[in-house]
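A.B. asks: Based on the hints, put chain B in the right spot on chain A.
Chains as they are written, first to last, in numbering that gives the first Met the number 0: chain A, 0 to 308; chain B, 0 to 308.
Errors might be hidden in some of the hints.
For chains that are exact copies, the list does not tell them apart, and a pair is met inside one copy or across any two.
Subject to a maximum C-alpha distance of 27 Å in a straight line, what follows is the list of computed BS3-like cross-link-like pairs (lysine-lysine) [what the hints assert, rightly or not]:
(1) Lys64 <-> Lys243
(2) Lys64 <-> Lys99
(3) Lys64 <-> Lys221
(4) Lys281 <-> Lys99
(5) Lys195 <-> Lys276
(6) Lys64 <-> Lys195
(7) Lys189 <-> Lys154
(8) Lys155 <-> Lys221
(9) Lys281 <-> Lys189
(10) Lys189 <-> Lys266
(11) Lys154 <-> Lys243
(12) Lys155 <-> Lys189
(13) Lys195 <-> Lys281
These are computed hints drawn from the structure, not numbers from a lab.
Number of protein chains: 2
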Amino acid sequence: MSTSGAPSGSAPHRFDPNFTDAVINAMGPNTDPRLRVVMSSLVRHLHDFTREVELTVDEWMAGVKFINLIGQTSTPTRNEAHRMSDVLGLESLVDEIAHKHVNESGEEPTSSSILGPFWSPHAPFRELGGSIIQNPAPNGQTTLMHGVITDLDTKKPITGAVIDIWQASANGRYDFQDPDNQSPNNLRGKFRTNEKGEYWFYCYKPTAYSLPTDGAAGELFKALDRHPMRPAHIHLMMTAEGYKPVTTQIYPRDDPYVSNDTVFAVKDDLLIDFVPKTDDPKATLDLTYNVRLAPRDGKTAAMDGVARL
Amino acid sequence: MSTSGAPSGSAPHRFDPNFTDAVINAMGPNTDPRLRVVMSSLVRHLHDFTREVELTVDEWMAGVKFINLIGQTSTPTRNEAHRMSDVLGLESLVDEIAHKHVNESGEEPTSSSILGPFWSPHAPFRELGGSIIQNPAPNGQTTLMHGVITDLDTKKPITGAVIDIWQASANGRYDFQDPDNQSPNNLRGKFRTNEKGEYWFYCYKPTAYSLPTDGAAGELFKALDRHPMRPAHIHLMMTAEGYKPVTTQIYPRDDPYVSNDTVFAVKDDLLIDFVPKTDDPKATLDLTYNVRLAPRDGKTAAMDGVARL
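Chain A with its partners taken away, still in its complex shape (with noise of 0.2 Å):
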């Protein structure tokens, strides 16, 4: 490749150096500036591909295919564009970018994880020790999960923060995908924790399962010889006036498919253990789970080497 006619942030190259500017500048006065920034970078981005693996007419044309097959793939209950994301480590990074925090101590709070299609608005609060299996499933493990949350700063628990729980049944299915068997809300639900912090719930150990293959994530996995597994896990989302929000997925440590998530979204203290439970007749396994929410206004320790731009 020349090293000549590089313009202003793009990598060099043999083509016109005025190109990528002119659909930048394309934009105008009236952009919102942060958009600005975005596009300006997505743009170069793009482009600096684009001339870097000289795509051809042919690779262009499967990728307006490709994208159009995301959207088509879609629907009000399959978010195919999110689970493109993910695949591609995107949901993971951005969850990595905006969740950055280490107090005055070095200490960290819970770490969060990504999202995912799967969460509803819609979940309803529970009392605490009910449960959220509300159309048991044959293979299903029912599990005490308990647990305290706790300020990273003060380490005193916190009353009253919000712990929502949602999570695929045993056949690898969440409520809204599979309408014959789970009702609405099935294995979902919002938990209050008690004046010491405390919660406890009933659920399912988690089971591993395979995104949809039958749209736009299918193609790419079988091109890249992928597989579509994720780990089991259970996600969560805590929430505590005057706390920071953390949204998390916890990952039992015995599952194959930790070290190889296909939508790489496993961080090493979000793995977990489930024990054997005797003294309870409604489960066979214990889980204990402990959080630690930071403050809104709590300080952050100033990093090293790692200042904003």
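C.D. replies: Quick look at chain B alone, frame taken from chain A:
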């Protein structure tokens, strides 16, 4: 931005230095080698973009919704992903990459330009001297378009070359966008050059028009404070046995949008002049347009400083 933690090929950043490589390395051993090159570059640029602008969760989700909207705007007769790639300059860039050709004398064939989403494989052959105007439009300015198709190297006329023309009607719409006013293949046709390499037929002087703004591209135009106008143009595709095909567009020099085409497809040597015609009862304008085609096996000049990778 810190200068530490730069993984291979990516810009320096303060995030997990192994993340992008992990996504790229998820491709399995049976991935097509060229696809591996393309996807590696695409993933790296997408991640670099995301880190560079520190894309927020809300911005990422807006992008997810927008990607879905593209495919949902498309129909069997409307290709919004194709249009979107045009609006971001991608088709024009791919076209430039594909069609760099200079012969030993430093001469270039007729410049190519983008195909656009309106070409049809079903255009009928018509007789030389025929008209592509099947459904006259009130404001159409009929033009006798004619020229000679020659060999770039020998300068000899090419007999039996095919010139495939398509254009919007005077209302700015192509046949399949406008079924109430236009029958299929209105303003489309293929012609074969005679033994002198000549072609001639009747068409309209083209009209500037707006891209459809009721879908994804329309949202983008609004957000980026950009106009949706294309300069008036005639689409052409020239093919001949033994020659490299040329797909292009030609533009009236006096059109106000030739300097700010919303799909970035205008090149200087594609500007043309319509002149008044008084000796033909069928036409009020005359357009001469000659074409140079490069032999498929013709020698391409070494291009100093523009060697390929």
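A.B. asks: Against which earlier hints does the structure fall short, listed by number upward?
C.D. replies: Those not satisfied are hints 4, 6 and 8.
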